[in-house]
Amino acid sequence: MVKILVDNKHIEAEDGANLLQTCLDNDIYIPNLCYLNDGQIPFAGCRLCYVQINGKPVASCTQKVAEGLEVQTDTPEVRSLQKAAFRLLLSVHDIKCKECPANKRCELQRIGKFLKVGLKVKGLEVRLKDPGLDSGHPYLLIDQNRCVLCGKCVRVCQKKHGHSYLTFAKRGFETVISAYRQPEESPLNFSECTACIDICPVRALLLKDV
Amino acid sequence: MSQGKIKTIDEKFGAIFAEAQRRKNEREAKPVPKIHIGLATCGIAAGAMETKASFEESLAQRGIDAQIHPVGCIGHCYAEPWVIIENTEMGFPPIFYPKVTAGKAKMLTKLYLEEGDPRLEHILGAMEENEMIPTVWEFSRFSEEKRIVMNLCGKIDPDDIYEYIAEEGYVSWAKALKGTPEELLNLVKDSGLRGRGGAGFPTGTKWEIAAKHDSSKKIVICNADEGDPGAYMDRTILESNPHQVLEGLALSAYAIGADTAFIYVRSEYPLAVKTIQKAISQAEEAGLIGKDILGSGFDLEIKIFQGSGAFVCGEETALILSMEGFRGMPYPRPPYPAETGLQGVPTVINNVKTLALVPPIVKNGVSWFRQIGTENSPGTAIFSVVGNVTHPGLVEIPMGISLRSLIFKICGGIPDKKKFKAAQIGGPSGGCLPEEFLDIPIDFDSLIEAGAMIGSGGMVVLDEDTCMVDVSRYFLDFTQKESCGKCTFCRIGTWHLLSILQRLTIGEGKEGDLEKLEQLSRDIKEGSLCGLGKTAPNPVLTSLKYFREEYEAHIKEGRCPAASCRPLTAFYIDLDKCARGCDACVGCCPVDAVFTTSNRKKGIDQDLCIKCGECKVHCPPDYNAIFKISPPHLAPVIERPKEEKETS
Numbered sequence: 004m005v006k007i008l009v010d011n012k013h014i015e016a017e018d019g020a021n022l023l024q025t026c027l028d029n030d031i032y033i034p035n036l037c038y039l040n041d042g043q044i045p046f047a048g049c050r051l052c053y054v055q056i057n058g059k060p061v062a063s064c065t066q067k068v069a070e071g072l073e074v075q076t077d078t079p080e081v082r083s084l085q086k087a088a089f090r091l092l093l094s095v096h097d098i099k100c101k102e103c104p105a106n107k108r109c110e111l112q113r114i115g116k117f118l119k120v121g122l123k124v125k126g127l128e129v130r131l132k133d134p135g136l137d138s139g140h141p142y143l144l145i146d147q148n149r150c151v152l153c154g155k156c157v158r159v160c161q162k163k164h165g166h167s168y169l170t171f172a173k174r175g176f177e178t179v180i181s182a183y184r185q186p187e188e189s190p191l192n193f194s195e196c197t198a199c200i201d202i203c204p205v206r207a208l209l210l211k212d213v
Numbered sequence: 051m052s053q054g055k056i057k058t059i060d061e062k063f064g065a066i067f068a069e070a071q072r073r074k075n076e077r078e079a080k081p082v083p084k085i086h087i088g089l090a091t092c093g094i095a096a097g098a099m100e101t102k103a104s105f106e107e108s109l110a111q112r113g114i115d116a117q118i119h120p121v122g123c124i125g126h127c128y129a130e131p132w133v134i135i136e137n138t139e140m141g142f143p144p145i146f147y148p149k150v151t152a153g154k155a156k157m158l159t160k161l162y163l164e165e166g167d168p169r170l171e172h173i174l175g176a177m178e179e180n181e182m183i184p185t186v187w188e189f190s191r192f193s194e195e196k197r198i199v200m201n202l203c204g205k206i207d208p209d210d211i212y213e214y215i216a217e218e219g220y221v222s223w224a225k226a227l228k229g230t231p232e233e234l235l236n237l238v239k240d241s242g243l244r245g246r247g248g249a250g251f252p253t254g255t256k257w258e259i260a261a262k263h264d265s266s267k268k269i270v271i272c273n274a275d276e277g278d279p280g281a282y283m284d285r286t287i288l289e290s291n292p293h294q295v296l297e298g299l300a301l302s303a304y305a306i307g308a309d310t311a312f313i314y315v316r317s318e319y320p321l322a323v324k325t326i327q328k329a330i331s332q333a334e335e336a337g338l339i340g341k342d343i344l345g346s347g348f349d350l351e352i353k354i355f356q357g358s359g360a361f362v363c364g365e366e367t368a369l370i371l372s373m374e375g376f377r378g379m380p381y382p383r384p385p386y387p388a389e390t391g392l393q394g395v396p397t398v399i400n401n402v403k404t405l406a407l408v409p410p411i412v413k414n415g416v417s418w419f420r421q422i423g424t425e426n427s428p429g430t431a432i433f434s435v436v437g438n439v440t441h442p443g444l445v446e447i448p449m450g451i452s453l454r455s456l457i458f459k460i461c462g463g464i465p466d467k468k469k470f471k472a473a474q475i476g477g478p479s480g481g482c483l484p485e486e487f488l489d490i491p492i493d494f495d496s497l498i499e500a501g502a503m504i505g506s507g508g509m510v511v512l513d514e515d516t517c518m519v520d521v522s523r524y525f526l527d528f529t530q531k532e533s534c535g536k537c538t539f540c541r542i543g544t545w546h547l548l549s550i551l552q553r554l555t556i557g558e559g560k561e562g563d564l565e566k567l568e569q570l571s572r573d574i575k576e577g578s579l580c581g582l583g584k585t586a587p588n589p590v591l592t593s594l595k596y597f598r599e600e601y602e603a604h605i606k607e608g609r610c611p612a613a614s615c616r617p618l619t620a621f622y623i624d625l626d627k628c629a630r631g632c633d634a635c636v637g638c639c640p641v642d643a644v645f646t647t648s649n650r651k652k653g654i655d656q657d658l659c660i661k662c663g664e665c666k667v668h669c670p671p672d673y674n675a676i677f678k679i680s681p682p683h684l685a686p687v688i689e690r691p692k693e694e695k696e697t698s
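So the sequence lines, in the order shown, correspond to chains A and B. Counting in our numbering, the first sequence runs from 4 upward without gaps. Counting in our numbering, the second sequence runs from 51 upward without gaps.
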């Protein structure tokens with residue numbers, strides 16, 4: 004065990020443990036969307052979990068705990084980066100909270116509240132995908148305008164089945180999560196496994212009524 | 051290494067080397083003219099295959115015995131397709147002919163090879179000192195270069211390993227095998243060699259991390275996933291002298307103790323893939339790679355992996371994932387690939403140019419290498435100098451020479467008496483440097499300090515007619531499309547940058563856009579996961595810094611100072627210069643926007659004009675009556691005469 008200091012709070016943790024997980028375990032919330040406590044190399048895609056170490060912002064999911072580490076979670080630099088990333092995510096998010104199944108248990112709402120950033124983003128063009136709903140899969144609906152591309156669904160499926168039935172598709176701004184479209188090649192039985200749906204932080208994956 | 055083994059290596063390599071020399075002498079002793087033709091991808095695109103066929107045909111027709119020697123590319127793009135004709139029998143030095151079309155090939159066969167007239171009006175120069183023809187070395191495009199990596203490019207047949215060996219190829223490999231891996235590692239460390247892939251990380255340090263690892267399995271990879279727009283040196287090297295890269299790759303494997311090597315090359319480079327494939331099998335056949343190489347006991351297998359054309363896969367972590375069969379998305383480091391890379395094995399990934407520099411270093415030693423270039427950036431750099439420059443192409447220069455020498459002295463400056471505006475260095479990750487930076491030395495650190503980077507070595511020279519906002523838009527369009535989509539800043543942030551830049555170029559810029567560009571750029575730079583995202587805003591940041599007034603003109607006046615952004619420009623005809631009865635502009639306008647005025651001069655209907663500029667090109671130089679202006683409302687209005695009566 005080693006001792007670290009997070010915002011003047013002394014914490015004991017295992018040497019080499021993940022910093023983000025350590026903070027979360029000790030009731031220090033750091034905004035995050037893509038982090039999975041699975042022992043793998045972190046995804047590090049959402050760019051929300053910034054903290055400050057030695058004066059520099061660092062994504063806490065990529066940082067290992069070491070003796071004497073001093074961490075600040077609430078500095079102007081950290082907040083500025085977190086808000087910037089959050090606003091970018093909102094600029095492509097279809098904000099209809101009242102109609103959304105994730106309402107009140109949505110990670111975006113939680114982060115917005117924490118960062119004190121309204122969900123209606125100002126100063127950035129809002130661009131939604133059209134069509135936003137991918138209904139090509141026999142059982143699964145993917146709302147691309149809700150999805151934050153955290154990739155948790157892809158990784159949880161990979162872990163459970165040894166191969167992921169979901170994948171990232173396309174590039175750049177067009178990147179989406181896609182389920183392979185051929186129904187016969189998709190042996191997913193959603194009565195047995197709904198891991199991808201359950202893990203989605205914004206309810207972008209839904210079961211079809213079939 | 052035991053004395054016995056050293057002796058075996060000497061004997062085995064000695065035999066190969068002697069065979070190579072024998073073949074070379076035999077080739078050179080043949081008393082026939084030799085025609086060297088550059089047949090790399092760029093040469094082929096310029097028509098070198100037709101040139102070759104034309105030579106073959108006319109030689110056969112005239113019954114002339116000559117040797118056609120297919121070689122790679124010498125990097126002189128402006129001269130493609132080129133040939134060098136050695137006609138010593140008639141008493142001439144080897145002569146370089148640029149732009150040899152099929153017709154010219156026929157002509158040279160008849161007039162030079164048959165009748166003995168080298169047609170001096172068609173030459174660039176002689177390749178050797180002589181008393182009758184000026185040499186190409188009087189031309190700074192040749193004389194100012196320092197070729198280490200590209201020394202043999204365009205001189206040898208890339209498909210024949212013996213031609214490389216005859217030029218002391220694989221000598222370094224045999225030399226290194228006689229010593230220990232530690233000796234080789236220390237040599238590379240002492241040489242101060244820095245990675246030529248972009249970041250300039252010390253190669254020896256990278257190798258050392260992997261060398262020290264106690265894993266029984268290690269891998270080396272040659273990164274030939276060249277993806278920057280306008281950079282093509284890696285392809286050229288692989289197509290023109292693949293063995294120097296293989297030799298470097300083998301040396302890196304020996305230094306770290308790897309038994310497997312890969313060449314990660316884009317499948318969009320089919321000729322490069324074919325050339326390396328052939329090179330690998332020839333090297334295997336010769337016993338220079340494979341099992342128990344030259345009796346040293348060292349094994350090395352080299353394989354090719356073809357990438358599928360994702361720019362981001364040049365980033366080493368994405369490259370590894372793509373080789374493992376996953377989508378090429380970068381992951382955070384540490385762990386560094388040199389510790390845990392492909393399949394979890396310590397993996398050293400080096401760029402083509404870095405590897406190709408290793409054999410000359412091993413052969414000539416550390417002090418030789420260190421005297422080239424600067425103290426912190428020893429050696430040479432290869433740039434693909436393109437854009438508004440007289441002699442574009444690949445240029446290998448010692449580090450430390452100035453941008454001015456590279457652009458003006460070596461590459462001949464800006465054509466058509468236009469003014470230099472900026473050099474975009476380092477591709478989409480680099481920056482635009484204006485005139486006041488022309489005298490900075492080219493090395494890793496100075497360029498980064500100025501806001502650009504050597505990066506892949508792409509250099510686009512821009513003249514006064516280039517709009518810097520549009521250049522930024524072009525590069526952002528590229529990085530945005532090539533973002534892997536993993537991290538928020540790169541995926542969405544670059545799209546917002548692009549979207550603002552697009553608005554600016556069509557005259558829809560708004561107050562506050564520039565501040566927004568700056569803020570977004572800073573966030574993306576700071577917040578992105580990998581090098582692609584972190585460097586993506588560089589073209590915007592540098593052009594905003596050095597050409598801010600151009601951005602402001604787009605927003606505040608709807609004016610493009612370079613008169614390049616189409617929606618912000620208009621073409622008009624100066625009636626004082628226009629000649630009565632000349633219909634050049636009318637004939638070439640694709641949308642019938644040019645009309646005849648009542649006194650038989652011409653006017654442009656601005657509502658119909660699509661601003662293609664064809665009329666300006668076709669207006670006879672005696673009149674030069676067509677002008678381009680920005681903003682468009684400044685174009686003088688010429689009334690179209692009332693609808694002409696239908697004539698039957």
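Hints are computed from structural coordinates only; laboratory data are not their basis. All C-beta atoms in this analysis are idealised placements derived from N, C-alpha and C, irrespective of residue type, glycine included. Heads up, a few of these hints could be off.
As the list claims (entries may be wrong) - A few chain B residues that face chain A, going by a derived Cβ cut-off under 7 Å, partial list only:
id : residue
1  : G359
2  : F376
3  : R377
4  : K531
5  : G535
6  : T538
7  : W545
8  : D573
9  : L579
As the list claims (entries may be wrong) - Here are the simulated lysine-lysine pairs, PhoX-like style, with alpha carbons at most 25 Å apart:
id : chain 1 : residue 1 : chain 2 : residue 2
10 : A       : K86       : B       : K328
11 : B       : K80       : B       : K156
12 : A       : K67       : B       : K566
13 : A       : K59       : B       : K584
14 : B       : K328      : A       : K173
15 : A       : K86       : B       : K80
16 : B       : K80       : A       : K59
17 : B       : K328      : B       : K62
18 : B       : K341      : B       : K328
19 : A       : K125      : B       : K575
Claimed, not checked - Here are some chain A residues the structure puts well away from chain B; computed CB gaps all over 12 Å:
id : residue
20 : F46
21 : C109
22 : K116
23 : L122
24 : E177
25 : D212
Results of checking the hints against the structure:
Annotation: G359 of chain B was flagged as interfacial toward chain A, and the flag is violated, the nearest CB pair being 11 Å apart, outside 7 Å. Given hint, F376 of chain B at the interface with chain A, is violated; its Cβ is 9 Å from that chain's nearest Cβ, farther than 7 Å. Hint status for R377 of chain B: holds, given a least beta-carbon distance of 5 Å to chain A, under 7 Å. Hint status for K531 of chain B: holds, given a least beta-carbon distance of 5 Å to chain A, under 7 Å.
Against a cut-off of 7 Å between C-beta atoms, the interface hint on G535 of chain B holds, since the closest Cβ of chain A lies about 3 Å away. Residue-level restraint check for T538 of chain B holds (minimum Cβ-Cβ distance to chain A is 5 Å; threshold 7 Å). At about 4 Å, the closest approach between the beta carbon of W545 of chain B and any beta carbon in chain A falls short of 7 Å, and the interface hint on this residue holds. Here the hint on D573 of chain B is kept, as its CB sits about 4 Å from the closest CB of chain A, short of 7 Å.
A least Cβ separation of about 5 Å between L579 of chain B and chain A falls short of the 7 Å threshold, and the interface hint therefore holds. Distance hint between K86 of chain A and K328 of chain B is unfulfilled; the C-alpha atoms sit about 54 Å from each other, more than 25 Å. For the hint pairing K80 of chain B with K156 of chain B, the CA-to-CA distance comes to about 23 Å; that is within 25 Å, so the pair holds. A hinted pair counts as satisfied when its Cα atoms are at most 25 Å apart, and K67 of chain A with K566 of chain B does not qualify at roughly 34 Å.
A hinted pair counts as satisfied when its Cα atoms are at most 25 Å apart, and K59 of chain A with K584 of chain B qualifies at roughly 15 Å. A hinted pair counts as satisfied when its Cα atoms are at most 25 Å apart, and K328 of chain B with K173 of chain A does not qualify at roughly 34 Å. With a C-alpha separation of about 74 Å, the suggested pairing of K86 of chain A with K80 of chain B is violated against the 25 Å cut-off. With a C-alpha separation of about 68 Å, the suggested pair K80 of chain B and K59 of chain A falls outside the 25 Å cut-off, and the hint is violated.
For the suggested pair K328 of chain B and K62 of chain B, the alpha carbons sit about 22 Å apart, so the restraint of at most 25 Å is met. The straight-line distance between the Cα atoms of K341 of chain B and K328 of chain B is roughly 18 Å, inside the 25 Å bound, and the hint therefore holds. About 22 Å separates the Cα atoms of K125 of chain A and K575 of chain B, which keeps this hinted pair within 25 Å; it holds. For F46 of chain A, the requirement that its beta carbon stay farther than 12 Å from each beta carbon of chain B is not met, with the minimum near 8 Å.
The beta carbon of C109 of chain A is kept farther than 12 Å from every beta carbon of chain B, the shortest such distance being approximately 17 Å. With 12 Å as the threshold on Cβ separation, the claim that K116 of chain A sits away from chain B holds: the shortest Cβ distance comes to roughly 19 Å. The Cβ of L122 of chain A sits about 16 Å from the closest Cβ of chain B, beyond the 12 Å cut-off, so the non-interface label holds. For E177 of chain A, the shortest C-beta to C-beta distance to chain B comes to about 8 Å, within the 12 Å cut-off, and the non-interface label is violated.
With a minimum CB-CB distance of about 30 Å to chain B, D212 of chain A clears the 12 Å threshold, and the non-interface call stands.
Hint compliance for this structure: hints 1, 2, 10, 12, 14, 15, 16, 20 and 24 are broken, all remaining hints hold.
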